[in-house]
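**Student:** Quick note on numbering that gives the first Met the number 0: the sequence shown kicks off at 0 and runs consecutively.
Note that these hints are calculated values from the structure, not bench results. Keep in mind that the hints are not guaranteed to be accurate.
As the list claims (entries may be wrong) - Straight line, CA to CA, 25 Å or less: simulated BS3-like cross-link-like pairs of lysine-lysine:
hint, residue 1, residue 2
1, K165, K7
2, K74, K7
3, K8, K166
4, K145, K8
5, K73, K3
6, K145, K3
7, K8, K74
8, K7, K73
9, K7, K145
10, K145, K73
11, K73, K8
What the hints assert, rightly or not - Label-pair distances were calculated between CB atoms; the ranges are:
hint, residue 1, residue 2, range
12, A82, I112, 43 to 49 Å
13, D41, I62, 28 to 34 Å
14, E123, I62, 23 to 29 Å
15, L63, L113, 34 to 40 Å
16, E45, R83, 44 to 50 Å
17, Q48, Q86, 38 to 44 Å
18, L113, I38, 38 to 44 Å
19, I62, I156, 46 to 52 Å
20, F71, I26, 40 to 46 Å
Glycine is no exception: its CB is placed at the ideal position from the N, C-alpha and C atoms.
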Amino acid sequence: MAFKSTDKKYGTIAITIHWLAFILVAILIISGNIMNDLINSDDRMEILQFHAPIGLSMGALFILRIIWWIFFDKKPPAAENDARWQQIASHLVHYSFYVVILLLVGSGIAMMILSDAGAVLSGEVAGPLPNFDDFAPRAPHGIFAKILVALVILHVIAALYHQFFKKDGLLRRMWY
């Protein structure tokens with residue numbers, strides 16, 4: 000299998016980035032929801048010590064992904080047998096992923112900086128985590144997370160539609 004994409008199939012690098020991003024997004028959504036439901040500061044800290052570095056990794060992965068697409072590879076063309084509105088919707092969902100994930104990473108970093116939670120997580124400062132609801136980036140972070148869940152659902156529905164209804168093999172393009 001080629002490292003770079005062809006007109007018919009994504010390359011190994013793009014496929015690896017895609018599935019790694021899926022795993023990281025799933026972990027972040029799950030850990031974020033668990034953290035929201037916790038009241039105990041120690042439990043929240045334990046989850047945040049896991050959530051924050053994975054969020055930073057997600058941001059780095061998406062920057063790598065953007066650099067990969069701009070400078071080193073090209074995406075295969077959209078499915079030829081899709082209606083124009085489906086092609087537009089596909090592009091809109093994909094570009095929205097980039098924007099929303101980068102906004103999530105940015106709002107997460109802003110919360111850590113403004114709240115000084117990074118110092119608490121690293122052990123530099125003793126004490127419980129601050130109440131993130133007291134900081135402006137918290138509300139957008141929650142909204143972006145909900146938008147991300149919606150985008151993932153749309154993306155999965157579209158992939159399943161292609162796989163089981165159109166039976167056009169489109170899903171195979173994004174597998175090894």
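**Student:** Could you run down the list of hints and mark each one as holding or not?
**Tutor:** Structure-based check of all given hints:
no.: 1; hint: K165 with K7; in the structure: 17 Å, holds
no.: 2; hint: K74 with K7; in the structure: 9 Å, holds
no.: 3; hint: K8 with K166; in the structure: 16 Å, holds
no.: 4; hint: K145 with K8; in the structure: 31 Å, violated
no.: 5; hint: K73 with K3; in the structure: 8 Å, holds
no.: 6; hint: K145 with K3; in the structure: 32 Å, violated
no.: 7; hint: K8 with K74; in the structure: 8 Å, holds
no.: 8; hint: K7 with K73; in the structure: 11 Å, holds
no.: 9; hint: K7 with K145; in the structure: 33 Å, violated
no.: 10; hint: K145 with K73; in the structure: 30 Å, violated
no.: 11; hint: K73 with K8; in the structure: 11 Å, holds
no.: 12; hint: A82 with I112: 43 to 49 Å; in the structure: 45 Å, holds
no.: 13; hint: D41 with I62: 28 to 34 Å; in the structure: 33 Å, holds
no.: 14; hint: E123 with I62: 23 to 29 Å; in the structure: 27 Å, holds
no.: 15; hint: L63 with L113: 34 to 40 Å; in the structure: 27 Å, violated
no.: 16; hint: E45 with R83: 44 to 50 Å; in the structure: 49 Å, holds
no.: 17; hint: Q48 with Q86: 38 to 44 Å; in the structure: 42 Å, holds
no.: 18; hint: L113 with I38: 38 to 44 Å; in the structure: 22 Å, violated
no.: 19; hint: I62 with I156: 46 to 52 Å; in the structure: 27 Å, violated
no.: 20; hint: F71 with I26: 40 to 46 Å; in the structure: 27 Å, violated
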